[in-house]
Amino acid sequence: MAKKEINYKAQKKRTKYLVYAILTIMSVVWLFPIVWIVLNSFRQEGGAFVPYIIPKHFTLSNYTKLITDASGNYPFVRWFVNTLIVSVCTCVLSTFITISMSYALSRLRFKLRRPFLKVALVLNMFPAFMSMIAIYYILKALNLAGSLLALILVYSAGAALTFYVAKGFFDTIPMALDESAMIDGANKWQIFTKITLPLSKPIIVYTALTAFMGPWMDFIFAKIIMGDDVKNYTVAIGLYSMMTQTTANSLFMTFTAGCVLIAIPITLLFIYMQKYYVEGVTSGAVK
Amino acid sequence: MFKKHSTEQHITFRELFMKGGLPEKLSFIIMGFSNFANKKILKGLIFLVAEVGFLFWLIRNGIHALAMLQTLGTKKQGLVYNSKLGMDVLQKGDNSMLILLFGIAAILICIVLIVLYVVNLKSARNIYELKAAGKPLPTVKDDLKSLLNERFHQTLMTVPLMGVLFFTILPLLYMISIAFTNYDHNNLPPKNLFTWVGFHNFSNVITGDIASTFFPVLGWTLVWAVVATVSCFFFGVILALLINTKGIKLKKMWRTIFILTMAVPQFISLLIMRNLLNDAGPINSILKSWGWISKSIPFLTDPTMAKFSIIIVNLWIGIPATMLITTGIIQNLDQEQIEAAVMDGANKFQIFRSITFPQILFVMMPSLIQQLIGNINNFNVIYLLTGGGPTNSNYYGAGSTDLLVTWLYNLTVNTMDYNLASVIGILIFILSAVFSLWAYTHTNSYKEG
Numbered sequence: 001m002a003k004k005e006i007n008y009k010a011q012k013k014r015t016k017y018l019v020y021a022i023l024t025i026m027s028v029v030w031l032f033p034i035v036w037i038v039l040n041s042f043r044q045e046g047g048a049f050v051p052y053i054i055p056k057h058f059t060l061s062n063y064t065k066l067i068t069d070a071s072g073n074y075p076f077v078r079w080f081v082n083t084l085i086v087s088v089c090t091c092v093l094s095t096f097i098t099i100s101m102s103y104a105l106s107r108l109r110f111k112l113r114r115p116f117l118k119v120a121l122v123l124n125m126f127p128a129f130m131s132m133i134a135i136y137y138i139l140k141a142l143n144l145a146g147s148l149l150a151l152i153l154v155y156s157a158g159a160a161l162t163f164y165v166a167k168g169f170f171d172t173i174p175m176a177l178d179e180s181a182m183i184d185g186a187n188k189w190q191i192f193t194k195i196t197l198p199l200s201k202p203i204i205v206y207t208a209l210t211a212f213m214g215p216w217m218d219f220i221f222a223k224i225i226m227g228d229d230v231k232n233y234t235v236a237i238g239l240y241s242m243m244t245q246t247t248a249n250s251l252f253m254t255f256t257a258g259c260v261l262i263a264i265p266i267t268l269l270f271i272y273m274q275k276y277y278v279e280g281v282t283s284g285a286v287k
Numbered sequence: 001m002f003k004k005h006s007t008e009q010h011i012t013f014r015e016l017f018m019k020g021g022l023p024e025k026l027s028f029i030i031m032g033f034s035n036f037a038n039k040k041i042l043k044g045l046i047f048l049v050a051e052v053g054f055l056f057w058l059i060r061n062g063i064h065a066l067a068m069l070q071t072l073g074t075k076k077q078g079l080v081y082n083s084k085l086g087m088d089v090l091q092k093g094d095n096s097m098l099i100l101l102f103g104i105a106a107i108l109i110c111i112v113l114i115v116l117y118v119v120n121l122k123s124a125r126n127i128y129e130l131k132a133a134g135k136p137l138p139t140v141k142d143d144l145k146s147l148l149n150e151r152f153h154q155t156l157m158t159v160p161l162m163g164v165l166f167f168t169i170l171p172l173l174y175m176i177s178i179a180f181t182n183y184d185h186n187n188l189p190p191k192n193l194f195t196w197v198g199f200h201n202f203s204n205v206i207t208g209d210i211a212s213t214f215f216p217v218l219g220w221t222l223v224w225a226v227v228a229t230v231s232c233f234f235f236g237v238i239l240a241l242l243i244n245t246k247g248i249k250l251k252k253m254w255r256t257i258f259i260l261t262m263a264v265p266q267f268i269s270l271l272i273m274r275n276l277l278n279d280a281g282p283i284n285s286i287l288k289s290w291g292w293i294s295k296s297i298p299f300l301t302d303p304t305m306a307k308f309s310i311i312i313v314n315l316w317i318g319i320p321a322t323m324l325i326t327t328g329i330i331q332n333l334d335q336e337q338i339e340a341a342v343m344d345g346a347n348k349f350q351i352f353r354s355i356t357f358p359q360i361l362f363v364m365m366p367s368l369i370q371q372l373i374g375n376i377n378n379f380n381v382i383y384l385l386t387g388g389g390p391t392n393s394n395y396y397g398a399g400s401t402d403l404l405v406t407w408l409y410n411l412t413v414n415t416m417d418y419n420l421a422s423v424i425g426i427l428i429f430i431l432s433a434v435f436s437l438w439a440y441t442h443t444n445s446y447k448e449g
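Sequence lines, in order, name chains A and B.
Counting in my numbering, the first sequence runs from 1 upward without gaps.
Counting in my numbering, the second sequence runs from 1 upward without gaps.
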């Protein structure tokens with residue numbers, strides 16, 4: 001019996017080491033590309049491809065080149081400011097829109113509620129790229145194509161149909177709260193602002209952060225709307241435009257420097273909101 | 001307005017017209033008249049302005065826009081003989097694309113007015129009924145108040161729905177219409193006109209010239225969607241179980257390492273992967289310098305190899321997400337059941353197969369279906385990694401690794417075959433809808449969740 005116990009313990013220990021080994025290998029595989037970007041952004045010599053991983057000479061010049069826009073065609077700082085403007089405005093508008101929509105669809109009862117939920121489900125099933133070109137022409141007809149305002153409008157208008165996560169959250173707040181407030185003579189507006197919103201801080205933060213991060217990552221819609229207007233680019237299309245066939249080699253390290261500068265704030269925000277992310281995906285998925 | 005009276009009995013609009021007085025009768029022609037007659041100036045003014053504005057627009061642009069929808073333009077751009085001048089003059093020509101866009105916008109405007117018209121009649125009926133019952137009419141203040149109470153949903157949803165109408169529904173109707181026209185690279189406005197062709201594009205995609213591209217691309221899309229979803233799910237669950245193994249220290253650190261890779265924007269991580277896997281990229285050159293290979297491995301340039309590379313790279317992206325989501329589920333698993341199984345002599349694999357995995361699968365089913373649909377439309381991975389390549393001469397406008405959605409993108413941006421792109425878009429929609437419907441009716445967690 002005692003021997004068996006020892007065997008069992010030894011086996012347990014072996015499993016544990018095996019798990020550690022697998023996790024370490026996986027971590028290395030997963031972190032390698034990220035480490036590689038960071039290392040590249042400090043590399044002084046060579047072009048896009050070098051047959052080694054650790055740079056021979058370290059330098060900060062890639063970052064200074066990026067920020068001072070040495071080549072004249074890639075105004076990174078300007079792109080950064082553009083993206084910041086777009087994402088702050090989108091963040092405010094989208095949060096307002098998403099929260100209003102999801103609250104109305106979750107807590108209020110009106111005749112067209114169910115039909116609307118069905119229509120929204122159907123609308124969401126069409127691939128977004130399909131209507132991309134049409135949106136461009138609508139913006140052109142409104143004389144907005146190529147402006148930052150157009151981007152803000154498009155991103156915020158899209159927010160009206162992404163209410164599922166927030167709706168899932170509102171569904172979990174007990175209706176009894178609303179009812180007791182109603183007995184005390186509160187109207188729907190007061191219930192919304194005084195009772196529900198203070199309870200909904202997590203979902204507001206989640207919605208705002210997702211909306212804020214969107215413009216930093218989207219490069220397709222932005223590219224279609226901006227066309228060749230380089231000075232109105234956002235960072236995502238700007239960086240992407242650095243990687244065309246002719247420039248990929250010469251600008252590779254500058255590109256990685258840009259990637260690092262963008263990835264840091266986004267990563268921090270993401271790690272901050274990851275717990276909301278899980279709640280969002282599992283709770284409000286489909287209802 | 002909608003909710004309050006929905007349960008009460010209303011007179012029909014016909015009865016309203018027959019029984020009502022002059023203001024009610026006139027409301028059928030002049031919107032808001034009943035409101036004016038009952039001193040509800042503001043509301044009446046809104047209705048009246050809407051009607052006058054609509055009629056003005058209808059005469060100036062609307063009728064023309066609607067009439068042009070029939071032909072999508074008849075005047076071609078080009079030189080036309082002008083008998084007055086006795087020479088050829090450049091004729092501006094019709095722009096089919098704008099005609100279609102304005103035509104659809106015109107239809108939407110008409111629908112909005114019809115809705116307003118019905119609202120106007122309801123308002124008139126409401127006033128009539130309140131008067132008949134001898135109740136006081138609501139004042140402007142009451143009306144505004146109801147916007148914060150009984151009609152609060154209207155206050156909240158009006159602005160967002162305007163956005164949906166202009167930036168989702170209008171473009172979508174436009175692109176769906178395009179599927180029934182011959183708007184391709186030979187008929188590009190403003191130089192040329194395009195016109196209605198019925199279901200011709202659909203038959204072209206399903207049985208005609210394009211079928212030899214469509215079906216292989218569809219096949220790869222389905223294979224990709226299923227393999228990508230299943231592999232990420234399976235390995236993600238295993239990773240989550242590994243991290244949550246009893247006795248493993250620094251659980252939070254391991255988790256954070258993988259979450260870190262999720263946080264990096266996809267366009268960055270995928271472009272980096274493309275570089276890493278390039279024929280002249282670091283992986284190939286390092287393997288060469290070690291003497292393991294003599295020729296570059298064509299990770300992304302060989303059609304079959306590229307498909308494998310895409311799926312592997314997608315694991316890099318997808319596993320952490322599944323891990324993050326399933327961790328919560330694993331921590332809430334019923335421990336007693338697992339202990340009982342251990343008592344009965346079940347080994348780790350048996351526990352995993354019969355207890356842990358089915359439970360996770362049950363909870364994850366809805367989100368898996370969503371991931372499957374998401375993968376059918378997974379634009380980023382393909383576009384950034386291979387750009388659809390390597391090129392395939394048997395396909396029209398698509399490469400070997402193109403999914404339907406990236407092919408759609410190529411058709412609009414590169415080859416300018418908008419009609420085909422729209423058909424593909426509609427087919428993708430049908431595909432997603434079929435999967436969702438199937439899931440909706442066949443999985444238990446949908447019903448209980």
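There may be inaccurate statements among the hints.
[Unchecked claim] To give an idea of the interface, some chain A residues facing chain B are shown, with a C-beta separation under 7 Å as derived from the structure:
(1) 17
(2) 18
(3) 93
(4) 123
(5) 125
(6) 130
(7) 183
(8) 219
(9) 244
(10) 245
(11) 247
(12) 261
(13) 276
[What the hints assert, rightly or not] Covered stretches of chain B, going by a simulated chain A footprint (3 or more residues, C-beta under 8 Å):
(14) 158-171
(15) 284-290
Keep in mind the hints are simulated off the structure, nothing from the lab.
We put the beta carbon where it would ideally sit given N, CA and C, even for glycine.
Each hint tested on the structure:
Violation of the interface hint for residue 17 of chain A is found here, the shortest Cβ-Cβ separation to chain B being roughly 10 Å, above the 7 Å cut-off. Given hint, residue 18 of chain A at the interface with chain B, is violated; its Cβ is 9 Å from that chain's nearest Cβ, farther than 7 Å. Below 7 Å, beta-carbon pairs count as interface contacts, and residue 93 of chain A has none with chain B, the closest being about 9 Å; its hint is therefore violated. At a threshold of 7 Å, the smallest CB-CB gap from residue 123 of chain A to chain B is about 6 Å, leaving the interface hint in force.
Satisfaction of the interface hint for residue 125 of chain A is found here, the shortest Cβ-Cβ separation to chain B being roughly 4 Å, below the 7 Å cut-off. With a least beta-carbon distance of about 3 Å to chain B, the hint placing residue 130 of chain A at the interface is held under the 7 Å criterion. A distance limit of 7 Å between C-beta atoms decides the matter here; for residue 183 of chain A the minimum to chain B is near 14 Å, and the interface restraint is violated. Restraint check, residue 219 of chain A versus chain B: the minimum CB separation of about 5 Å is within 7 Å; hint holds.
For residue 244 of chain A, the interface hint is violated, since its Cβ never comes within 7 Å of a Cβ in chain B; the closest pair sits about 12 Å apart. The beta carbon of residue 245 of chain A is not positioned within 7 Å of any beta carbon in chain B (closest approach about 11 Å), and the interface hint is therefore violated. The interface hint given for residue 247 of chain A is violated, since its Cβ lies 13 Å from the closest Cβ of chain B, which is over the 7 Å cut-off. Interface restraint check: residue 261 of chain A against chain B, minimum CB-CB distance 11 Å, threshold 7 Å, status violated.
Checking residue 276 of chain A against chain B by beta carbon gives a least distance of about 12 Å; that is not within 7 Å, so the hint is violated. Three residues within the 8 Å Cβ limit are the bar, and the segment 158-171 of chain B against chain A gives 11, so the coverage statement holds. Residues of the segment 284-290 of chain B with a Cβ under 8 Å from some Cβ of chain A number 4, which satisfies the need for three, so the listed coverage holds.
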